[in-house]
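Given the coordinates of chain A, assemble chain B onto it according to the supplied hints.
Note that the protein sequences, when read in sequence, are chains A and B. Position one of the first sequence corresponds to residue 3 (this note's numbering), numbered consecutively onward. Position one of the second sequence corresponds to residue 3 (this note's numbering), numbered consecutively onward.
Keep in mind the hints are simulated off the structure, nothing from the lab. Treat the numbers as computed from the prediction; the structure is a model and nothing was measured. Incorrect hints may appear among the rest.
Pairs involving identical chains hold if they fit within one copy or between any two copies, as the list cannot separate such chains.
[Claimed, not checked] Derived lysine-lysine pairs resembling DSS-like cross-links, with alpha carbons at most 30 angstroms apart:
#, residue 1, residue 2
1, Lys269, Lys138
2, Lys285, Lys269
3, Lys214, Lys264
4, Lys264, Lys137
5, Lys6, Lys23
6, Lys138, Lys264
7, Lys29, Lys164
8, Lys137, Lys43
9, Lys6, Lys103
10, Lys57, Lys23
11, Lys6, Lys43
12, Lys116, Lys65
Number of protein chains: 2
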Amino acid sequence: MELKQPYLLFLGDAADALAAKVAQGIKTWRPDYCVGQFRLKNCNADCGLPDLTIKDAAAAGAKTLVIGVANRGGIISEEWISVLIEALESGMDIAAGLHNKLADIPELVACAEKNGRSLFDVRYPTQVYPVASGKKRSGKRVLTVGTDCSVGKMYTSLAIEKEMTDRGMDADFRATGQTGILISGGGVSADCVVADFIAGAIETITPAADEKHWDVIEGQGSLFHASYSGVTLGLIHGSQPDALVLCHEPTRDHMRGLPDYKQPTIKACIELNQTMARLVNPKATVVGVSINTSGLEEQAALEYMDKVESEIGLPVIDPFRQGVARIVDKLSEI
Amino acid sequence: MELKQPYLLFLGDAADALAAKVAQGIKTWRPDYCVGQFRLKNCNADCGLPDLTIKDAAAAGAKTLVIGVANRGGIISEEWISVLIEALESGMDIAAGLHNKLADIPELVACAEKNGRSLFDVRYPTQVYPVASGKKRSGKRVLTVGTDCSVGKMYTSLAIEKEMTDRGMDADFRATGQTGILISGGGVSADCVVADFIAGAIETITPAADEKHWDVIEGQGSLFHASYSGVTLGLIHGSQPDALVLCHEPTRDHMRGLPDYKQPTIKACIELNQTMARLVNPKATVVGVSINTSGLEEQAALEYMDKVESEIGLPVIDPFRQGVARIVDKLSEI
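Just chain A, same shape as in the assembly:
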């Protein structure tokens, strides 16, 4: 799955900024990929890109219209269809990460065929992945892991990739979820792969590379999350990471979606992730902790991070507040 750039970001009738967070993510991390945005009349989001008609976007070279908005139930609404048809007829592919598939809408399928265009439902793997071989591959790999789901693994991974490329290091973000795929244009939605092939899919998207090259692999779920731990472990074993970065959100009472489960401690999470990763790469080490402190005031956030850092003796940062430079410093030593 490789999406063609540049993109026209479709914000549709986004109810608010949060509903368009996929589009915002693409704009933030891949500004060069974006020629503009398309908004319907009742759209309440704005990525700060030029508002283009489909015609203008095509003239500006847009190759893919990316649906950057999520609405209730992941539905592709009737209102959108005429816009999508126009985009296909103007020579663009369409990419979406919704539960409901573009490929299940006969009108879009027929129009794409007629115009020789592609529909990308990036949530659903289209290729057959092999069973993981477990073989050591050349190149370096860092994987983000978490105390829980939705704690900033994608954000942290993209921030690490950016810091590395800003320093002239050779690095690629490897997406394992639909938003990451739409941002970077490739990858695999790990939780949608058939269970036997989780690790094999990750081996496939992080192939052997130059010895100095870094794959920065987006993690999923948590070893401590009763619903998704299998995906997480498959990701760890397919990545064979040289380094891990632990991501955490400090204001939660319990595991996301699991009211009966307490959050693990950062220390326990570091230890268990290292244990599991060392089964496939004896050198695997957690090099730092990335904390999403958006739920704390600045002073409280800084105090919290100081406290964790003195407890574990590793760099503890909020990638949004302070950037990931101290973590990339550690990675540079590997």
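Frame of chain A, contents of chain B only:
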């Protein structure tokens, strides 16, 4: 997925006894389910059941023809088709656990439809499973885990179920692989479920039950197997096991299919499985070790098991040589 009993076991043109091991497994563990066997002329296997024509089997009440033979590549051969057609026309369903699907053979699909019969490709889940809730369920659960793949987890689970029911305990074997499903008539092929739903599928097939009821859950893979560990962890977390039984095969040089990976020690395997299981059930404990000593002479086997038992202080048995009574004794205390 619930297969109707009794079965006619189809041995086809099995090259040798090993090729018909699925049929043999059904005969061994569910003799009451079997009215007879069907063999083609060049069949070199024999489950010791009456050889029946399709007509005779239908007259004897057979409800499902089970393909109990695996041939090279999991192919459904031309030679078989006419027999399968006759079975469908005689009122039987057909069940198979092969890679190639019955449902992909138009002739069989048409014949099944015409006769109101079903084709069961038990390797492929047909229902949508939920994301695991992680909620505590009533009833007791024991899960088999392994140092590696193919070390006797299904055999051990079936032996535990049998020992329990022989003692008048309330127990059900819960199949998680195609052979186990064909033997017991239900379950889910855990490694073929979409990754997000591994644990949810296991919660579904091991629902809340009477407090004294035991689910004996067939494990898959190994936490130490780089290709399949995700499936294993999903199984552990979906099972929320009260007890685990570790299965082991002592003559291997390396992990199955992974020449670069050494086998873990039994002690390390007990510890890691307990650690992972206790994330969802703090009481989870390994209660014994089941060793497949078929590769050792009797004296060597007994000495080996004695040695392991004195090292770990838990019952160590070969379910084939000695049965699982000592493990069920331990489970009875829970």
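Evaluation of the provided hints:
When the C-alpha separation of Lys269 and Lys138 is checked against a cutoff of 30 angstroms, the pair qualifies both within a copy, at 28 angstroms, and between copies, at 26 angstroms. Proximity of Lys285 to Lys269 under the C-alpha cut-off of 30 angstroms is found in both arrangements, the shortest distances being 18 angstroms within a copy and 22 angstroms between copies. For the homomeric pair Lys214 and Lys264, the shortest alpha-carbon distance between copies (28 angstroms) is at most 30 angstroms, but the shortest distance inside one copy (39 angstroms) is not. When the C-alpha separation of Lys264 and Lys137 is checked against a cutoff of 30 angstroms, the pair qualifies only between copies, where the shortest distance is 13 angstroms, while the shortest distance within a copy is 36 angstroms.
Taking the shortest alpha-carbon separations for Lys6 and Lys23, only the intra-copy value of 21 angstroms comes in at or below 30 angstroms, while the best inter-copy value is 50 angstroms. For a Cα distance limit of 30 angstroms, the shortest separation of Lys138 from Lys264 across copies, 14 angstroms, qualifies, whereas the shortest one inside one copy, 35 angstroms, does not. Taking identical chains as interchangeable, the C-alpha atoms of Lys29 and Lys164 lie at most 30 angstroms apart only when both belong to the same chain, with a minimum of 14 angstroms there against 61 angstroms between chains. Taking the shortest alpha-carbon separations for Lys137 and Lys43, neither the intra-copy value of 53 angstroms nor the inter-copy value of 44 angstroms comes in at or below 30 angstroms.
Taking the shortest alpha-carbon separations for Lys6 and Lys103, only the intra-copy value of 19 angstroms comes in at or below 30 angstroms, while the best inter-copy value is 36 angstroms. For the identical chains of this complex, Lys57 and Lys23 are intra-copy neighbours only, at 25 angstroms inside a copy versus 64 angstroms across copies, given an alpha-carbon limit of 30 angstroms. Proximity of Lys6 and Lys43 under a CA criterion of 30 angstroms is satisfied intra-copy only: 27 angstroms inside one chain copy versus 57 angstroms between copies. For a Cα distance limit of 30 angstroms, the shortest separation of Lys116 from Lys65 inside one copy, 17 angstroms, qualifies, whereas the shortest one across copies, 48 angstroms, does not.
The structure fails hint 8 only (numbered hints given earlier).
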